[in-house]
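Engineer: Please model the entire structure based on the sequences and the hints provided.
Protein chains in written order, with this note's numbering: chain G, 1 to 302; chain S, 303 to 495.
Hints in this document: simulated from the structure, not taken from any laboratory.
It is possible that some hints are incorrect.
What the hints assert, rightly or not - Okay, derived cross-link-like pairs now, DMTMM-like style, lysine to aspartate or glutamate, Cα gap no bigger than 25 Å in a straight line:
no., chain 1, residue 1, chain 2, residue 2
1, G, K70, G, E102
2, S, K320, S, E359
3, G, K146, S, E343
4, S, K321, G, E245
5, G, K146, S, E314
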Amino acid sequence: MEASNEDASVYRLDDERALVQTVDYITPVVDDPYIYGQIAAANSLSDVFAMGADVATALNLVGFDGCNHKAEVLNEILQGGLSKVQECGGIIVGGHTIETPEMTYGLSVAGFVHPKKIYRNNTPRVGDVLILTKPIGMGVLTTGIKADMLDAKAVEKTADILAQLNYKASLIMRDFDVSACTDVTGFGLAGHAYEMSGKNFTIEFDFNSIPIISEAIELANMGIIPAGTYANQEYVSLHVEVKKEYQNEIFFYDAQTSGGLLIAVKESDTIGLVKRLKDAGYEYSSIVAVLKEFSGTSLVLR
Amino acid sequence: MKIDCRGLACPEPVINTKKSLDLLDDNALLEVLVDSNASRENVIRFANNEGLSVSDEITEDGSVKITIVKGFACSVVDPDGDKFLNKVLFIKDDKVGEGELGSKLIVGFLKSILELPKLPKTVICVNKGIYLTTKNTAAVEILQELEKKGVEIFSCGVCLDFYEVSDELKVGVVGNAYGTVESLLNSDGTISL
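Structural biologist: Structure follows, in structure tokens:
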């Protein structure tokens, strides 16, 4: 099965099962090694959930900076990662560590899905509504943490969002008439929505309905915006028709780490899905866009 | 000041800009050299958010030079500026002019200063002027009021010794020649009596 634009690779084993594989790793985003481990794991696992699959096994991928960190730090990171793999019913079956000048951690994940129940990222329908399960602003916030410009409370808030698994959201969406799903990561909300449009649809966003963390807006005004976000803007904005100017438009392009799911769902299922998501702890879940016939531009911001 | 932020990743150019601005005096220029659009946008955002005027230009080698002005020339506020005139009152005698009238006039003059909306920053008493901070009770009372309001009052040490009233200084502190000259030269104007 070919799926080059998908979030993870999918390999059909038989009529009942397909193997889903993905790998990702990141450099530290917070100082606490246990929480960094949790965030890196949540980030790695996310692609499996975006496909509508269940996690089976995971392997640790560690680049350890032994010159600047004690061995206990490595143990803490791995414990953090393990806690997240266990949370979604998976097991860690091994891994590999090498010495690197900068710390990296992530997982290689294997999961299973029924071949007919795979959620692709570019198969929405006209009239569907897009729901985003986590707030935007993680790129700016993690840059703010690196700059030491966030207070402890805001760091904790950011870390909680980053470490939250998309596991339950993935389970919940399977109960609704969902046509497409992806997770919002490095390409930002605009970039991943552009992928979803596949140049076949126009996705119309209501900018004011996109949940953005307020601390991130303050940081952005001070110029604490990662280069990846600007790169996204430079590339994706070519496909965006801006109907109204917004001061914080840059957040449409903010590169996310461990972002939420972007779910295309039948309009009549919207309220039920948002309610279930909020009840399950995805408090920022919001309707952010509607799917329309292609009208010349992939994305519209109004 | 000039700083080179070429090759640095976000958020370092902004952090370096902030640190450099903190070191600079008001109305000074900061030139920040960057080589990526992200750094350019971020540094300009930061400057705008701080309310500073900022401009940028592309240099010969393709880098971007961002120029930031710290503060505004027309609206810089000296915290003490509202209260004081940067002027020194230099008093060489305990009279204005001759005789009894001269004694009355100097007291009246000092009293009038008390009523002014802006006070002189410094009063320096030399030669017989030091009687105003020692033996002249009426003048001492007025100068004590001025001192309470933050006016610096100096009496010339050599003069106090010369007239043998060093023990009788009732207001202000003993000044020296160096401090006196410094005050006179740094002020925007000296009123000499």
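Engineer: So, for every hint listed, does it hold in this structure?
Structural biologist: Here is how each hint holds up against the structure:
1. G/K70 / G/E102: 14 Å, holds
2. S/K320 / S/E359: 20 Å, holds
3. G/K146 / S/E343: The given pair, whose Cα atoms are some 18 Å apart, holds under the 25 Å limit.
4. S/K321 / G/E245: Violated, because 32 Å separates the two Cα atoms, which is more than 25 Å.
5. G/K146 / S/E314: 9 Å, holds
In summary, the structure is inconsistent with hint 4 from the numbered list given earlier, while agreeing with all the others.
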